[in-house]
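**Q** Each chain is listed here by its residues.
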Amino acid sequence: MKLDHKSKILLAALAIALLLLPFITDALLGRGWVRIVDFAMLYIMLALGLNIVVGLAGLLDLGYIAFFAVGAYCYALTGSPHLALAFPLAFPNGVHLSFWIVLPLAALVACGFGVLLGTPTLRLRGDYLAIVTLGFGEIIRIFLNNLNAPVNLTNGPQGISRIDPVSVADVSLNITQNIFGIAFPSVHLYFYLFLAFTALVIFVSQRLERSRIGRAWMAIREDEIAASAMGINTRNLKLLAFAMGAMFGGASGALFAGFQGFVSPESFSLMESIMVLCMVVLGGMGNIAGVILGGVLLAVLPEVLRHSVVPLQQALFGKTMVDPESLRMLLFGTALIVMMLYRPAGLLPSRVRRRELDTDEAAEKV
Amino acid sequence: MEILLQQIINGLVQGSVYALVALGYTMVYGILGLINFAHGEVVMIGAMLALSALTALLGLGVPPLLALPLSLGLAMTGCMALGYSIERIAYRPLRHAPRLAPLITAIGVSIVLQNLAMMIWGREYHSFPQLITNSPHNFGGAIINDIQIIVFVMALAIMAALMVVVHRTRLGRAMRAVAENQHAAQLMGVDINRVISITFMLGSALAAVAGLMVSANYGLAHYYMGFLLGLKAFTAAVLGGIGNLRGAMLGGLLLGLIESLGAGYIGDITGGFLGSNYQDVFAFFVLITVLVFRPSGLLGERLAERA
Chain A
1 MKLDHKSKIL LAALAIALLL LPFITDALLG RGWVRIVDFA MLYIMLALGL NIVVGLAGLL
61 DLGYIAFFAV GAYCYALTGS PHLALAFPLA FPNGVHLSFW IVLPLAALVA CGFGVLLGTP
121 TLRLRGDYLA IVTLGFGEII RIFLNNLNAP VNLTNGPQGI SRIDPVSVAD VSLNITQNIF
181 GIAFPSVHLY FYLFLAFTAL VIFVSQRLER SRIGRAWMAI REDEIAASAM GINTRNLKLL
241 AFAMGAMFGG ASGALFAGFQ GFVSPESFSL MESIMVLCMV VLGGMGNIAG VILGGVLLAV
301 LPEVLRHSVV PLQQALFGKT MVDPESLRML LFGTALIVMM LYRPAGLLPS RVRRRELDTD
361 EAAEKV
Chain B
1 MEILLQQIIN GLVQGSVYAL VALGYTMVYG ILGLINFAHG EVVMIGAMLA LSALTALLGL
61 GVPPLLALPL SLGLAMTGCM ALGYSIERIA YRPLRHAPRL APLITAIGVS IVLQNLAMMI
121 WGREYHSFPQ LITNSPHNFG GAIINDIQII VFVMALAIMA ALMVVVHRTR LGRAMRAVAE
181 NQHAAQLMGV DINRVISITF MLGSALAAVA GLMVSANYGL AHYYMGFLLG LKAFTAAVLG
241 GIGNLRGAML GGLLLGLIES LGAGYIGDIT GGFLGSNYQD VFAFFVLITV LVFRPSGLLG
301 ERLAERA
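Residue numbers (this note's numbering), protein chains in the order written: chain A, 1 to 366; chain B, 1 to 307.
Chain A side only, calculated, beta carbon under 8 Å to chain B, not exhaustive:
#1 L60
#2 D127
#3 G135
#4 N146
#5 I274
#6 V322
#7 S326
#8 L330
#9 L336
#10 P344
Partner residues aside, some chain B positions facing chain A, computed with beta carbon under 7 Å:
#11 A101
#12 I111
#13 M119
#14 L231
#15 V292
Source of the hints: derived by calculation from the structure; they are not laboratory data.
Built from N, CA and C at the ideal position, the CB exists for glycine as well.
Just chain A, with the same shape it has in the complex:
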């Protein structure tokens, strides 16, 4: 990709702004908001992964968070003292694999679940995939909640804590590090880690989108029958999209577990899947910039609501009538409906996608 002079400058400015972001946020809004920015980065990674499935290949995955959960529990089990409870003889101190070994493993395991789930359903109409993934998201939670007896694998609803922090080249990201005389608190360090991963995910999705595979995905999304008539193996390619999305989900999950140091089934509810889906739909399915915008908007929105809705209601009615959590979900649901009705290609639509979703209107105009 050749860049002209102007976009080079813009890109450099963006990079510097991103590198300074944690310090600026810290100075202006406080340490808590850096953490929120970190989570926003995680959500963007998730949304970009889901974008491959929903945006590029046009498959509706309603249980995406389940793959995130699989990844998170992979690292939680292999990077914490927890397994000592289940197998005290084999692992008296639990298992403490390095994060960098578990990360590809987690991606692989999530990918395996994706293949397992996709193989029977992807032969059929897209609706089946939607409902099977919806079910899978719930089943994973039932298993995570109940696999604490008779062998304590997941510690049930209490979740697994004391997960090893991520360390890069023996530098733990969990404590403040001094680099060149500048103090980098833990949340800042994780920000840079997530930034690097997000950049990687963006790079990979961009390359995928412009590859032969990406074009085949878009062809399938636009008309599956026509695509298969053109010689595209639709089932294998759909499976590939689904598995690849799952892989990104699993990798993000491992990052989440390392960052949070604690996982419990509660973090992987259906609502989280819906939130990630909202990011993709709101921002613009199939468009990387749109998905990032959606991710940023929706990751920050709950915090804004939390800080505005409760005081506002206190001022108006003297009590909290609607809690911000359910208001947030109500807004998400409404956003999904309104976006599909009035702006189906999202806030920042991809050009191809817009053409496709507008076909009916265009046909009517002709």
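Given chain A, work out where chain B should sit, using these hints.
**A** Just chain B now, with coordinates in the frame of chain A:
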């Protein structure tokens, strides 16, 4: 032996409720080729409306035998209005859009309904008022109580009535015609928008009845109850062959049996490794198994990709 009989009775009663909900999925699917994700939430709204009306009426001193049909009627009316609006707002404008679009609005509708219900009725479980002395009967060593008998008989009666409507009336003929071929039906003078609206309303009325039955049977209602129930009823519809009314009924009863027997015996089979807390998992495995081996369901025709 008594335990087996007991599991079968429980399974059939639960299954008859699944069947009622599955009918709603299958009717809409048969006509529009669309999975109405929000259907489970309509069941929940029906249960909540009925429960609120019942509590209010009993509080006013209305005799239970009058309050029950009144609140059921109210819930059915409310759900019919809801079903009509859902179709009008979220599905009709997207009838010719790519298939992803109505799926996404459908999930949006169910999120909205769930959270509205949470705002109105709160997060807590609502208990179903004691209306009749729910006396248990001995049935060959197993126990079956009054509410279970009423639920089962009523579900069968409603299913029979629905079959009569679909196969013996003018409206039913119009519904079948639209399901067969929308354009041809329209050319024959069928008002397809009206038929589709009525289908949604019928399905929602069944959902309201099912909602009341579930909450009466378990004695509880909760804003989150629609989600799993909807998922299971959908599984029942797929098991029987989606788009096929008899299939939905058969699938519902079968799924109820599978679940109840499965939950009863999973402990013995796995040597105590998995317990009855995995009850909700069975429906999912049934769904996957059906999709792998016979995606058209037990009574369904071959599923063709809709061009």
